[in-house]
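Novice: Keeping the supplied structure of chain H fixed, place chain V upon it in accordance with the hints.
Those protein sequence lines, which keep their order, are chains H and V. Everything in the first sequence is counted per numbering that gives the first Met the number 0, starting at 0 for the first residue and increasing by one. Everything in the second sequence is counted per numbering that gives the first Met the number 0, starting at 0 for the first residue and increasing by one.
It should be emphasised that the hints constitute simulated quantities derived from the structure, not laboratory data. For every residue, glycine included, the Cβ atom is placed at its ideal position computed from N, Cα and C. One or more of the hints may lead you astray.
Restricting the straight-line Cα-Cα distance to at most 20 Å, the calculated cross-link-like pairs of lysine to aspartate or glutamate (EDC-like) are [as the list claims (entries may be wrong)]: (1) H:Lys-116 x V:Glu-100; (2) V:Lys-116 x H:Asp-267; (3) V:Lys-336 x V:Asp-223.
Part of the chain V face toward chain H, derived, beta carbon under 8 Å [claimed, not checked]: (4) Gln-90; (5) Asp-102; (6) Phe-107; (7) Leu-110; (8) Ser-127; (9) Tyr-131; (10) Phe-142; (11) Ser-146.
Number of protein chains: 2
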Amino acid sequence: MLTEKVLHMNTGNGDSSYASNSNLQGTGLQRSFPVLNEAINKIANDLNGFPRSFKIADLGCSSGPNTLFLVANIIDMVHDICSENNSQVPQFQVFLNDLFENDFNTVFRSLPAFYTKMREKKGDDCGSCFVYAVPGSFYGRLFPNESIHLFHSSYAVHWLSRVPQGLENNKLNIYMAKTSPTNVFKTYRKQFEKDFTKLLLLRSQEMISGGRMILTIPSRSVADPTSEDCCIIWELLAKSLVDMVKEGLVQESKINSFNIPYYTPYEDEVRDVIQQEGSFSLHSLNGFPLHWEPYNTDTNVSDLPVRGINTAKLIRAVIEPMMANHFGKSIMDLLFKKYQEHVVDHLATKKGVNYSLVISLVKH
Amino acid sequence: MLTEKVLHMNTGNGDSSYASNSNLQGTGLQRSFPVLNEAINKIANDLNGFPRSFKIADLGCSSGPNTLFLVANIIDMVHDICSENNSQVPQFQVFLNDLFENDFNTVFRSLPAFYTKMREKKGDDCGSCFVYAVPGSFYGRLFPNESIHLFHSSYAVHWLSRVPQGLENNKLNIYMAKTSPTNVFKTYRKQFEKDFTKLLLLRSQEMISGGRMILTIPSRSVADPTSEDCCIIWELLAKSLVDMVKEGLVQESKINSFNIPYYTPYEDEVRDVIQQEGSFSLHSLNGFPLHWEPYNTDTNVSDLPVRGINTAKLIRAVIEPMMANHFGKSIMDLLFKKYQEHVVDHLATKKGVNYSLVISLVKH
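So here's chain H without its partners, still in its complex pose:
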């Protein structure tokens, strides 16, 4: 499986699309805004005002309302700072990055309305916000040397560059799980360290001195990956696949050969890589819990079927292209029906919560 070919969210804006099922990521994104705002303030401060053309890149922008919601908020933050300082608003170049298979067309179709709204809100000044697409892996170079002032990424850099090698004995698991052999945790962690190191190195080459990077990623709240529900989302999906093995609909060997190229680090693991790599100083690192259904945080058991549907849609929008590539498109409806049932069972006794980290970095 070539990760770059199959790692993309569900396209378009239909019922199963990421665009229609990304409010978990939207909520996480909003949680990072105070940190983002602080970073933008610091850039203006450290560079003695904004550069004439403020260059911002969003890594793993995907396709949906969150993509331009971020851009609108960054522009708002800069306008506010300029208004406080009585300084001129810069021209914006916003580079939206994602893999080659990402549905950029859908993002572009929402741009005319976005520009119109910005102009209404900000006046003609905002004719000088230019939004571009940068297709390619963020584990490769994306920009010329020292050309970007602010990197941002929300729920993207936890995707690994590839499925780690050496997971043959992870058997009926598809990610780190309570029943995974020890080497599985080590192998995943090693791949994360390698990928995250590369990400930091490449971005530091592309960033001007004094530039900043804000990363929001799903994470574990404790060091031990077996001790809590860091990975329950994928354990329930593995369970659903195993159900289908029992029904003769999926071959066991297909599960044995499938693992998700994904990693939820503990915060110390993140700190270690940043320090080891050395291009960036860690300005701040904050963790927060994030409910699977951010708009529905009370655990009202009577709502369980609806909550199962919503969570299954959320996960399906993220992982379907990769699952369909490996297991076949035809079983997807049934697989996510079963998944929905497992989610309901889980939520009957436990909260559906993930943890996230917001990491604020500054280039030396």
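Specialist: Just chain V, lined up with the frame of chain H:
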């Protein structure tokens, strides 16, 4: 009709797509390469070598093999110059521009193979070619001030920003035609002058001093738009629509209210606008004839049916979204079947030839 919403080539890479039916434009593009090469040489010369990051924008890049064919050729030209001068190859930032509805996804899917081929050919140096998409109208600002070194556009800037106002009496014509009233020619010309002036002004703001712009556009070989076959391609399409009026399949009023936002200028008209607008010097302007079927320039009458099919496909790939928006998708197959027959009739006695201009401009 909002031009920006319906002006795009047929998407995807199927049988009716622009990607599969754009070798006429590809041939015209190749004819401009010597002029492009000269311009790139002059940039290197005038700027005392290439800038560290060479910023190139292609206006109206569309979606198909020509898009990246151009990029590959520009990179080749720069590599050759650097090799002759024994100087370092710059990093490339290539900005592909087209309207919001353009099929950028298809361009992006061909990028991995493009990058692989470039790396094989040029070595790892070419990891430093970055291709981006810039969605938006080139009649609006697309880039920050003084940020681009080379603008290029092939078969795009003859598309007007809108259907000119005041064409009510153009009746059963859909573009300038031999039977058009005089005001139609004036109205079209005026819109072209307005749009082309704006294009020059905006690009001059976005271009560094000493930057260059190469435009290739379809044109007329003589000043009088009634005196030759400048517009025959659209006259045959109008004829096909009129056939369908007679058969009760199209309402006459629908043709009366439709005109194509397109202009084929005579070279003096182009010179006049450039001089009037004043931001650029005209370095060179060359006209050349271009056969509708560039790979089949002999008029072998026995091939006529095939030539009719090919020409109809070529035109359909370009104009179908706009026609379907106005006349309805359901009549498209029949319309282009009739068009194919009119093309065959035309080619039985005449050559299928258009004229093109390659314009080389330098910013003061």
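Novice: Now tell me if each hint is right for this structure.
Specialist: Taking the hints in turn, this is what the structure says about them:
A threshold of 20 Å between alpha carbons decides the hint, and for Lys-116 (chain H) with Glu-100 (chain V) the separation of about 19 Å falls inside it, so the pair holds. Straight-line distance between C-alpha atoms of Lys-116 (chain V) and Asp-267 (chain H) comes to about 41 Å, which puts the hinted pair past the 20 Å bound. Restraint check for Lys-336 (chain V) and Asp-223 (chain V): the C-alpha separation of about 31 Å exceeds 20 Å, so the hint is violated. Interface restraint check for Gln-90 (chain V): the shortest CB-CB distance to chain H comes to about 4 Å, inside 8 Å, so the restraint holds.
Of the supplied interface hints, the one on Asp-102 (chain V) holds, with its beta-carbon coming within about 7 Å of a beta-carbon of chain H, less than 8 Å. Hint status for Phe-107 (chain V) relative to chain H: holds, with the closest Cβ pair at about 4 Å, below 8 Å. A hinted interface residue such as Leu-110 (chain V) counts as satisfied when its beta carbon comes closer than 8 Å to some beta carbon of chain H; here the least separation is about 6 Å, so the hint holds. For Ser-127 (chain V), the interface hint holds, since its Cβ comes within 8 Å of a Cβ in chain H; the closest pair sits about 7 Å apart.
Given hint, Tyr-131 (chain V) at the interface with chain H, holds; its Cβ is 5 Å from that chain's nearest Cβ, closer than 8 Å. Taken as an interface hint, Phe-142 (chain V) checks out: its beta carbon lies about 6 Å from the nearest beta carbon of chain H, inside 8 Å. The closest approach between the C-beta of Ser-146 (chain V) and any C-beta of chain H is roughly 7 Å, which is under the 8 Å cut-off, so the hint is satisfied.
The structure is inconsistent with the numbered hints 2 and 3, although it conforms to all the rest.
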